[in-house]
Structure formats: structure tokens, C-alpha cells
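S.K.: Kindly produce the complete structure, drawing on both the sequences and the hints.
Chains A and B, in that order, give the protein sequences.
Each position in the first sequence, counted from 1, maps to that position plus 1 in the numbering used here.
Each position in the second sequence, counted from 1, maps to that position plus 1 in the numbering used here.
Hints are supplied without guarantee of correctness; some may be wrong.
Treat identical chains as interchangeable: a pair holds within one or across any two.
No more than 20 Å apart at the CA atoms, straight line, and that leaves these computed lysine to any residue pairs for SDA-like [as the list claims (entries may be wrong)]:
hint, residue 1, residue 2
1, LYS354, THR119
2, LYS99, SER74
3, LYS472, ILE419
4, LYS443, GLY192
5, LYS475, GLU220
6, LYS443, ARG458
7, LYS354, GLY123
8, LYS447, ALA344
9, LYS168, GLU439
10, LYS341, THR261
11, LYS443, THR165
12, LYS341, GLU262
If you are wondering where the hints come from, they were derived from the structure by calculation, not from laboratory data.
2 protein chains.
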Amino acid sequence: MPSSSSDSTEGGDVALQSLNAFFNPRSVAVIGATETLGFGHVPTKNILSHQGVKTYLVNVKGGRVMGVDVFRSVRELPEAVDLAVIMVPSGSVLEVVKECAERGIRHAIIESAGFSETGEAGARLEREVVAVARANNMRVIGPNCVGVVNTSNMFTTADVDVATLVKGGVALIAQSGVFGTALVDRACSEGLGLSKVVTLGNKCDVDEVDVVEYLADDEETKVIGLYVEGVKPGRGRRMVEVFRVASARKPILVLKSGRTEAGSRAVRSHTGSLAGSDRIFDAAVRQSGAIRVESIDELFYTAMVLASQPLPHDGDVAILTNSGSLGAMMCDELESLGVKLAALLPETVDGLKKVAPPWASCRNPVDVGPAIIESALPAVELLGRDPNVGSMIMIFGIPGIVSSPRYFGADLTPFFEILGEAASKAGKPTVVLGFGDERIIKMAEKGFGKSHIPVLRNLTLTARAIATLYKYKKIKEKNLTSKSPGE
Amino acid sequence: MPSSSSDSTEGGDVALQSLNAFFNPRSVAVIGATETLGFGHVPTKNILSHQGVKTYLVNVKGGRVMGVDVFRSVRELPEAVDLAVIMVPSGSVLEVVKECAERGIRHAIIESAGFSETGEAGARLEREVVAVARANNMRVIGPNCVGVVNTSNMFTTADVDVATLVKGGVALIAQSGVFGTALVDRACSEGLGLSKVVTLGNKCDVDEVDVVEYLADDEETKVIGLYVEGVKPGRGRRMVEVFRVASARKPILVLKSGRTEAGSRAVRSHTGSLAGSDRIFDAAVRQSGAIRVESIDELFYTAMVLASQPLPHDGDVAILTNSGSLGAMMCDELESLGVKLAALLPETVDGLKKVAPPWASCRNPVDVGPAIIESALPAVELLGRDPNVGSMIMIFGIPGIVSSPRYFGADLTPFFEILGEAASKAGKPTVVLGFGDERIIKMAEKGFGKSHIPVLRNLTLTARAIATLYKYKKIKEKNLTSKSPGE
Numbered sequence: 002m003p004s005s006s007s008d009s010t011e012g013g014d015v016a017l018q019s020l021n022a023f024f025n026p027r028s029v030a031v032i033g034a035t036e037t038l039g040f041g042h043v044p045t046k047n048i049l050s051h052q053g054v055k056t057y058l059v060n061v062k063g064g065r066v067m068g069v070d071v072f073r074s075v076r077e078l079p080e081a082v083d084l085a086v087i088m089v090p091s092g093s094v095l096e097v098v099k100e101c102a103e104r105g106i107r108h109a110i111i112e113s114a115g116f117s118e119t120g121e122a123g124a125r126l127e128r129e130v131v132a133v134a135r136a137n138n139m140r141v142i143g144p145n146c147v148g149v150v151n152t153s154n155m156f157t158t159a160d161v162d163v164a165t166l167v168k169g170g171v172a173l174i175a176q177s178g179v180f181g182t183a184l185v186d187r188a189c190s191e192g193l194g195l196s197k198v199v200t201l202g203n204k205c206d207v208d209e210v211d212v213v214e215y216l217a218d219d220e221e222t223k224v225i226g227l228y229v230e231g232v233k234p235g236r237g238r239r240m241v242e243v244f245r246v247a248s249a250r251k252p253i254l255v256l257k258s259g260r261t262e263a264g265s266r267a268v269r270s271h272t273g274s275l276a277g278s279d280r281i282f283d284a285a286v287r288q289s290g291a292i293r294v295e296s297i298d299e300l301f302y303t304a305m306v307l308a309s310q311p312l313p314h315d316g317d318v319a320i321l322t323n324s325g326s327l328g329a330m331m332c333d334e335l336e337s338l339g340v341k342l343a344a345l346l347p348e349t350v351d352g353l354k355k356v357a358p359p360w361a362s363c364r365n366p367v368d369v370g371p372a373i374i375e376s377a378l379p380a381v382e383l384l385g386r387d388p389n390v391g392s393m394i395m396i397f398g399i400p401g402i403v404s405s406p407r408y409f410g411a412d413l414t415p416f417f418e419i420l421g422e423a424a425s426k427a428g429k430p431t432v433v434l435g436f437g438d439e440r441i442i443k444m445a446e447k448g449f450g451k452s453h454i455p456v457l458r459n460l461t462l463t464a465r466a467i468a469t470l471y472k473y474k475k476i477k478e479k480n481l482t483s484k485s486p487g488e
Numbered sequence: 002m003p004s005s006s007s008d009s010t011e012g013g014d015v016a017l018q019s020l021n022a023f024f025n026p027r028s029v030a031v032i033g034a035t036e037t038l039g040f041g042h043v044p045t046k047n048i049l050s051h052q053g054v055k056t057y058l059v060n061v062k063g064g065r066v067m068g069v070d071v072f073r074s075v076r077e078l079p080e081a082v083d084l085a086v087i088m089v090p091s092g093s094v095l096e097v098v099k100e101c102a103e104r105g106i107r108h109a110i111i112e113s114a115g116f117s118e119t120g121e122a123g124a125r126l127e128r129e130v131v132a133v134a135r136a137n138n139m140r141v142i143g144p145n146c147v148g149v150v151n152t153s154n155m156f157t158t159a160d161v162d163v164a165t166l167v168k169g170g171v172a173l174i175a176q177s178g179v180f181g182t183a184l185v186d187r188a189c190s191e192g193l194g195l196s197k198v199v200t201l202g203n204k205c206d207v208d209e210v211d212v213v214e215y216l217a218d219d220e221e222t223k224v225i226g227l228y229v230e231g232v233k234p235g236r237g238r239r240m241v242e243v244f245r246v247a248s249a250r251k252p253i254l255v256l257k258s259g260r261t262e263a264g265s266r267a268v269r270s271h272t273g274s275l276a277g278s279d280r281i282f283d284a285a286v287r288q289s290g291a292i293r294v295e296s297i298d299e300l301f302y303t304a305m306v307l308a309s310q311p312l313p314h315d316g317d318v319a320i321l322t323n324s325g326s327l328g329a330m331m332c333d334e335l336e337s338l339g340v341k342l343a344a345l346l347p348e349t350v351d352g353l354k355k356v357a358p359p360w361a362s363c364r365n366p367v368d369v370g371p372a373i374i375e376s377a378l379p380a381v382e383l384l385g386r387d388p389n390v391g392s393m394i395m396i397f398g399i400p401g402i403v404s405s406p407r408y409f410g411a412d413l414t415p416f417f418e419i420l421g422e423a424a425s426k427a428g429k430p431t432v433v434l435g436f437g438d439e440r441i442i443k444m445a446e447k448g449f450g451k452s453h454i455p456v457l458r459n460l461t462l463t464a465r466a467i468a469t470l471y472k473y474k475k476i477k478e479k480n481l482t483s484k485s486p487g488e
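M.R.: This is the structure in C-alpha cells:
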């Protein structure tokens, strides 16, 4: 739980208090709790099985659900819970929200769909819900979402497999529940550590601006990744203010859809969002110090790199590879992104010549070809010591026969582990590109994983992640400079 | 083996005959054969264990290697073999090539490195090798490569695990051996079916123009994927001619590195290639009807899609998704690439409304949200029948809890299999994007695999592959039109 708020604005403090119960409720009412397989089942199960939260189930049908007595109405609850999770049909939501307000409940997640995303009637209903919430100082996430995930207490209102959640530094904000769930699933499958996840749905109240403000103070969150379909009218200026303050502390990655005419039409029928002018959005993001990414995979892997690696030292990128072709392609990508290759010191080149075979290329990219197993460790140490090197990319396209039981059957995990330690010791951000045989890439993941060095499989995204490390370094330095006289 | 050459030019016929022994030799001499772990070991083992090829091992040291008697010199061989695979140190290569020429050997793969990629002395040596080869009507692949893979007879001179090779329609041409090997390994790991692979190394004789000419007539090759670091001086015009003829029959995907200053420097020290002006290369490729791709992943997955899917019907793309966000992002990508979304017929939309829940979006993209399991099959059938739909993208971001044994534990493989059958029956090219839980994506791969429908994990590359299907359709139509009067 975020503890310090000494450096936040007053507005920040209010938002912080205000959203905290969504992630750390002591008591929860699950309204529309159900054992029936379908909408509502998994949140009911996940919330109910959480040991640290006092949970009440509510359903007009009464009876028992998952072995627990069910209250017929919010009115019957013995206490005003911290959080109401509402999963009743859209036609009943307004009534439930009123009851919650009357009971003094101040936080609600409305998972039900059937609001502004469906047309004018739904939009009207949504406005009525908001009016009740506003009048009663109630914060609402949704509707049309699956709410939150918090890995620090493993509390979730979402359709996710709690047992597979991996704790980490990346917070994700999505709009719809389906996509938010798929993002969490992907993070679980690929071992991306998450801190908090919020799906905002139609954003009738809480929006990405509120959540970023909250996450800026969240100590467990190192990187904020944001997928957005549109910003609510009138929130642009506040977005820039909040993102600017947050960006000074941690990187914010923004992926927006509705960039094109076809995309805009699609988001309108999805969450009722107005994608707005992409050019204006882009300018606002740029101004705020947040970083726009171009694809969901870029969001995913860049967040992975930012959360695990330090910022670059002064100096440019050094590439160590066993494949000249992959090295050349990486050079192309980096130069296209405006990232420079480090000019290695003469003593580094001389050192490399001593540890690499005569046919190796000891300039940057350092291409040791088939001598990778013998040469990689001293090469990493030399590059790590070179003050012109600010970050490192290691590229491994090691033939599958090396680990195939039908050929050499070598376990390369210890090799990668030692390289990871050496890179880690240098303290410079390092990203590994694994290309080719999947067994060997898995060994790389395991070996480098010990030093929290990410292994990516996509060359373009590896280059883009490194570029973003440099970009964020500049944003942070600029922020510090512009603040130094005032703070 | 390519049989018909009735429709090729005379030059084509010569090239065809000329390269065939590289892929289908009846007899091979492995020169520099060795049991020692390291350079030469795996090719020796792979060639020796091939049942259909008469293999002679040659090594100046004589003795026995892998249980087989070794000849001390090419001169001692009992016959003029179809193919010599040369793996001796660079200093001995010229002598070996001379001996091969004297014995009447007409095809040699030189795997040894230490030639033009190392500087002027190596370049001189390489020129001397070429002079001997030319004077003796010998074709040479290499030096500085690992030669070939042919999955139709499982013959290979490369450092690959023969047991994992998957037969299929994609031919790959790479420059260096390390990268070519990594490409083959990746294809094996991801189940991309290969026909033939060639690594060209320094291209002292055989280059990509020769190989594309050969592969244009190869019946097993449906798609040619080419990674190139530079075209040999003076070969530009012939490249355009050959690629144009080949493109009329099968798509050629071209990835070139050395696009930038940094990339050019890297390729120079890698295979001694001059990357040349990227703009001129780009124009030449465009003129020839080959399709340039931007990344190795794009080459890989686009080849997978082109090899497995028919060309689009008249009509545009239909998207079926359970995630509105992923649908919107796909719209953005497609529009950015100039690919249009199909305007569905009113009867299709009406049909979709009948099979989808009221809150589903029945325009294109068709977003059925959590109703995907019930609605997908009738939706695919409806889209398949709509004449405005020329191709389909299915997007699945199905929550992991559906298949998790801790929750619903469903096996979705049969579901995906039925969808694949329905899409296949429609005869329209279909690509699946799997996003989220890896267990479910693997089920999709298995289910759709039965209908040879590829499942990709990257949204951008899915869109790019679909765009390339349309692009190639246009190229083919243009080619047919421009030829019709003359042929």
C-alpha cells in the first residue's frame, strides 16, 4: 500500500484515498453472486476464496452460493462494506447503486454491461448511475469491466486464475474486461510480473487519469502501461498534469486505438468511447512525458524491460552477437529509432581481440560467431567496463544441435546464468534477443532470469524497448532539471 | 525434384540443371570430415547418416571417422561425386577446389570461413577459388556458409537437427550459416514447414538470383523467403528479370539489412557485402514484383500465411473477435496498411444478430464478446458466405480460466477444429490471432492446425500478413494481365 504522499499535490492525496479501497478493501459485497457457470461465477469464487477480505454475497434469489449464505439485498448487510462488486443485469444496476449509497458504501465496481456502449438508452441509464454516485460521494469503476487485480494482497474482482498471478512492477490499465483479462493471462503465461491491473470499462467515473494519479504513488508499481480507446471530454488538460507528475517518478507507456477512421468506428461500438483526434492526443501524451507505443506487443515487452532494467548509463548501445545477420538487422532498427551504437574504446577492442578468434568482428556490433560460448563472458565484462557503453543487447542465435539430445545435448542454462551475472554486475541495462531453437531460448530465459534480465524473441521490439529506455532517461533528466529551482 | 521446365527461359533451364546437384546429389564427398566436436562435425554426421546418398569422407589425416574409412585426398576417390562439401581450413580450400576440378566434380559447397569477409587477402583467395571453378564449369555455394537443406529427401549439409525438420512449402535463402541455421531451428520450433534452405555465405558464385531462378521451378516450394545483405555488383538487372518471372508463379518475400549507415557497416564486416543504396534496391524489388518485408518476424509469419492460405477472394477483410479492443487495434493496423474492412451484406448482419447476443456488435469487426463459444461457428459460416468478404481474421482473447483446471478446465481444441473446418470450407484465406493465455493458444494451434490455418500471436504481423496476401494477389493479377497478349 502506498505510504508516503508528502510529495504529491492535494488533489493527488484525495485521489489516493479515494481509490485505495478498490485494491485493498477490508470488506466486500458481491452483488449478483452466483454459482452458475457464466457471468459472475469467477469473481464470486475469487473474492470468496480470498482469506484477507470479509466477503458478503448478495443475490435477490437468496439461498446459498458456494456453500455460503446469501443476503437478498444490500440493505440486509450487517455493515457498510468498503467495496461493492456489482454483477446484476443492467436493468437492476441503478437500484443496487442506490441501495449501496444508502448503506454508506463509497466504492463500487460495476461489471455489468449494457450501458453507454449499447446506445442512447444505455447512456441515459449510465448517467443516472453516475448522478447517484456523485450525490453520495461514491467512486465507481465501470460499468462493462472486470474491475481490478492487486498482486500485493492477491485481491481480484476479475475473471483471472489467481494461482497463476506473478507479482512484479508493472501496472496495467485497460478498458474492457475481455482485453484486460487477456492481458493478465498473457502476463501470467510469459512471467511478466504485475503490481495492479484495472479495467475501466465505460469509465462513467474513475478513468485512466485517476488511476495513473493513484499508481504514481504506489510503491509496488515501477511502470504504468495504459491501453486507452479515448479520453473523456474535458479531461485532456488534467491528463497532461497528472501524467507529467507521474512520469517524473515512473515511466508511463500509452497505447491508444482508434488511430484511424476504421479503428475509431470500432471503439465507438466497443466502449462508447470517442477516439477523438489522434493528433491532439499524441501531442498531449508527448507534452506530458508519457511515452506512446505502437502495438500491444511493444507495450508488453517494453514494460517488461523498463520494470526489470536500470536506466542507461551515459553512453550508447553495445551489441554482442553470434550472428552477424541479426547484428546487422539490430543496427538498422536502432539507427531507425535514433539510438546510437557505442564507439568502443581502443582498449575494449584490443581486449576483445584477445578473447575472440581472429575472424571475429570486434567492433560494435561485436560478432564472435560460433565462438560465442568461449568469448561471451569476457566480452560482456569488457563491454560492461567501457564507459562509452551505456546499455547492452545480447543476441543469441545458437544452433539447436548444441542442446539437442541427438547431437551435443548441452545445457546452456549455466552459461546464460553466468553471463547474466556479469551483465548485472556492470549495472547497465541489458536485454537479450533469443532467436531460433526454442529449447535454447527457454534455457536463456531460465539463466538470465536469475539476474532479472529479460529475454525477448522479437528483434524489432528489442530495439524499441532499448530506445524507450533512452527516451525515458531523457524525460526524467528533463523533469529533474525543470524542477530543480522550484523544489 | 522439379520436373517440368517447359515454361522457363533457356537461361532458367541451365540454372535449374546447374543447381540441382546441390539439393539432390547421388554421391557426396565430405572434405575435412571430422569426428572432433566443432566445425565440420555435424555436417559429417548428417551427410553420413543419410541413407540415399553415397558418401565418401576425405581428410588429410586419413584413418576412420564415425566408423568409416577416410580418403586422404579427393584424388583417391573412386568416382567423380555429384557434390563436394568442403570444410578444410581456408588456407587449404584453393588446393582442394583444384583437386575437385581435376576429378571432374561440378558442384562444391565451401563451408569454411576466412575469405572476403576478413579483408583483402581473403578476398584475393576467394577470387582465385572462383577462377578455378569458372575455368572448370564448377558451381560453388559459399564460402562462409552451411550450404543447403532439402526436406524432400532430408539431405542437408548444415548444422541442423535432421529429426526436427518439418516438410512444407517455404524455401528460405539466407547469407550466413549461423543465421540460416537459426532460421531453420526457429522453423522447426514453430512448425513452419520448409521445402529448401540455402545459406549463400559470401556468394563467390551462386547468389540469390540463381537460387530464386531454381526455386521458381521447384514444385515443392510455394513461397520464397529471402534474407539478403547486398546484391553483387552488376546483378541488379538480372535480379529484376528473374524475380519477375518467379513472382508470377509464387510470392517472393525479401528482407534486406544494411538499410541504414550502421547496418551497412555491420554487413560489410559480416559477409563482405556492399549493402548498396537501399533506395535503388527497394525500387528494383518493387519493379520485380517481389515483396519487401520489414523484419525477420514479418518474413517468417507472412511466409507461413502465404504458404498455407489461398489468395483472397474479391472482397475485403472480415474480423471476428471476442475482444473489442483487439478488434479496434486490428482495424487501425489494417487501415494503416491500406487494407479495407468488408462492408457486410445486410443479410449477413441480420444473420449475425440472430446468432449473437443483443449486446454483440454485428458490424465488421464482429465482436461477440464472451458469447464467442456459442456464436463463433455460425458467424464464421455467415462471413464465409458473404461475397463482400474476401478473407477472414479471427481474434481470440479467451480468458485462461476457461481452460484452467482450477476453474472450468475446458478443452477448446474441438471448438477451434470445427471453426477451422468451417473457414476452410469457405475457401477464403483465414488467419487467427491468439492473444492471452498460452494454454488456449496452443489449443488453437492444434485445432486450427488440422485445417492448416496459422495461429499467430502478434497483432501487427497478423495484419501485415493479410495485407501481403492482398498485395500478392494484385501482383499476380497484374502479371497475368501483362502477359496475356504475349503468352
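S.K.: Each hint should be assessed against the structure and marked as holding or not.
M.R.: Comparing the hints with the structure gives:
When the C-alpha separation of LYS354 and THR119 is checked against a cutoff of 20 Å, the pair qualifies only between copies, where the shortest distance is 14 Å, while the shortest distance within a copy is 66 Å. With identical chains, the CA atoms of LYS99 and SER74 are at most 20 Å apart within one copy only, with a shortest distance of 12 Å there and 94 Å across copies. For a Cα distance limit of 20 Å, the shortest separation of LYS472 from ILE419 qualifies neither inside one copy, at 29 Å, nor across copies, at 47 Å. When the C-alpha separation of LYS443 and GLY192 is checked against a cutoff of 20 Å, the pair qualifies both within a copy, at 12 Å, and between copies, at 17 Å.
Proximity of LYS475 and GLU220 under a CA criterion of 20 Å is satisfied in neither setting, with 22 Å inside one chain copy and 54 Å between copies. Taking the shortest alpha-carbon separations for LYS443 and ARG458, both the intra-copy value of 11 Å and the inter-copy value of 18 Å come in at or below 20 Å. Taking identical chains as interchangeable, the C-alpha atoms of LYS354 and GLY123 lie at most 20 Å apart only when they sit on different chains, with a minimum of 19 Å there against 70 Å within one chain. In the homo-oligomer, the alpha carbons of LYS447 and ALA344 never lie at most 20 Å apart, since the shortest distance is 31 Å inside one protomer and 48 Å across protomers.
Proximity of LYS168 and GLU439 under a CA criterion of 20 Å is satisfied inter-copy only: 18 Å between copies versus 25 Å inside one chain copy. Taking the shortest alpha-carbon separations for LYS341 and THR261, only the inter-copy value of 12 Å comes in at or below 20 Å, while the best intra-copy value is 32 Å. In this assembly of identical chains, LYS443 and THR165 lie within 20 Å of each other by CA distance both inside one copy and across copies; the values are 19 Å within and 17 Å between. With identical chains, the CA atoms of LYS341 and GLU262 are at most 20 Å apart between copies only, with a shortest distance of 11 Å across copies and 35 Å within one.
Of the numbered hints given earlier, the model fails hints 3, 5 and 8; all others are met.
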